[in-house]
Amino acid sequence: MTPWNLAILHTANALTALLSEPPGRVDLDVAVTARAAVLDHVTTVLADLVPRTRTRHSRPIGHAVPVALIEADPLDGLGRVLHGRIRPLLDRAPSELLDARRRVDATTALWVDAGRYALVATRVWSGPAVGSRDGPRAWQVVGEVAALAEAVAVLDRDLVAQAGERQWVQQIVESTAGLRIAAREVLALVGPDCAARPAAPSNEAAAITAALAGRAGRPPTLSKDVGHLTVLLINPRPWLPTRSVPAPVSGGVWPYLQPVTQSRWAAPTCGRNLGCWPAGFTQWPPVTGASSR
Amino acid sequence: MTPDPTFTTPSAHVRAAREALARLQHHLDLVLDPMTESVLATDLAFAVLGLEDVYPPYPPLAVEPLPSEDPAADFDTAIRALLVASSEATTARETLRYAYVIRDLRAMESDPAFALAVAPGGRGR
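Each protein sequence line maps, in turn, to chains L and C. If you use the working numbering, the first sequence corresponds to residues 1 to 293, in order. If you use the working numbering, the second sequence corresponds to residues 1 to 125, in order.
One chain only, chain L, in its complex shape:
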């Protein structure tokens, strides 16, 4: 185990303790500083392994990264979410807040550990003690930091719950909206078995990019589900009564569905050319299927 892995494991252990126990009283300055340290490390590692995530994309404050974009390219999506984060502006320095010698309550101490080990990991990452960064190892590293990002996103709810009137905590959390989805998508991309990813011999970024091209077989994810629901709402053909639907059911649904479908299909932009009109129907409502039963 490399020193980097060890530092990451300590960070994860602290986050695990935070996740496992009911949230206690916490010094929000410390928690937010530690959170920033973890996310800084994730950003650094991601930028080193996937250089295209270094590109900064401007995003209006309060606007989340679209889910479809995250789903299309999870690594880039995670990079975009991380680049939008707001850094905490506090009266005390991070070195003071994350000082292990300070006497703090139990939950705050766990945040101190998480933040301090994340800083150590960042320090180690910039040195030679990281180990190989090739192929499967790069995937493993990406999976590790994505797991940390997800843990931070899960803990955000506890922070906001404790923030009370302190709106700045909520703003900091909101600036990374979509973090958990992006992290989950990256973890799905990495897969449970990192070694199974295709790898280029020397350029891990190329390996990751190449792997993106082979994602066609992945199971449907969130944005695809949302897209599917949208299609169902726009084009309710699948909801039309068919021979397989019992008459009472279709009769019960149809009166409610009819105004929606009529108004939708009466719109000038949606006609037969878009495939909304059931083939073979010449009048509305369609009599075939519903009344032939």
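In short, the hints are calculated from the structure, not lab data. C-beta atoms are modelled at their ideal positions from N, C-alpha and C, and glycine is treated no differently. Take the hints with a grain of salt, since some may be wrong.
Said to hold, decoys possible - Covered stretches of chain L, going by a simulated chain C footprint (3 or more residues, C-beta under 8 Å): (1) 11–17; (2) 148–154.
Claimed, not checked - Here are the in silico distance ranges between beta carbons for each label pair: (3) C:11 with L:23: 22 to 30 Å; (4) C:6 with L:167: 45 to 53 Å; (5) L:191 with C:11: 16 to 24 Å; (6) C:3 with L:161: 43 to 51 Å; (7) C:34 with L:123: 50 to 58 Å; (8) L:23 with C:3: 45 to 53 Å; (9) L:192 with C:29: 27 to 35 Å; (10) C:11 with L:22: 25 to 33 Å; (11) L:93 with C:63: 51 to 59 Å; (12) C:69 with L:57: 52 to 60 Å; (13) C:12 with L:89: 46 to 54 Å; (14) L:103 with C:113: 38 to 46 Å; (15) C:11 with L:160: 34 to 42 Å; (16) C:45 with L:22: 19 to 27 Å.
We have chain L already, so just place chain C on it with the hints.
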């Protein structure tokens, strides 16, 4: 020709947690009203799914679990075993996977209906 299945061998603590949760699931299946309280069984199923989210998968349980004799003790056993398994994990990803399972279980713990369902001598027993 079907290849032989490959499994991830769970550690002793993970095995203990799986068995305890299986007994607990069986108990909840017997005592919960499926029309009103099945959300508890669903929550537990989600937690179990999180635990089983490994590749290759864990092997099936060696024995068919019997309903829990002491559901509360099984619940505590599962959490303790997962905490140990979490501390023994060698990657952040694995550590946090156990953490989410524990968090899901803790969320169930705070539900009064769950406390009633696992109480000694509780409903259906």
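Check your understanding: Broken hints, numbered, in rising order?
Key -> No numbers; nothing is violated.
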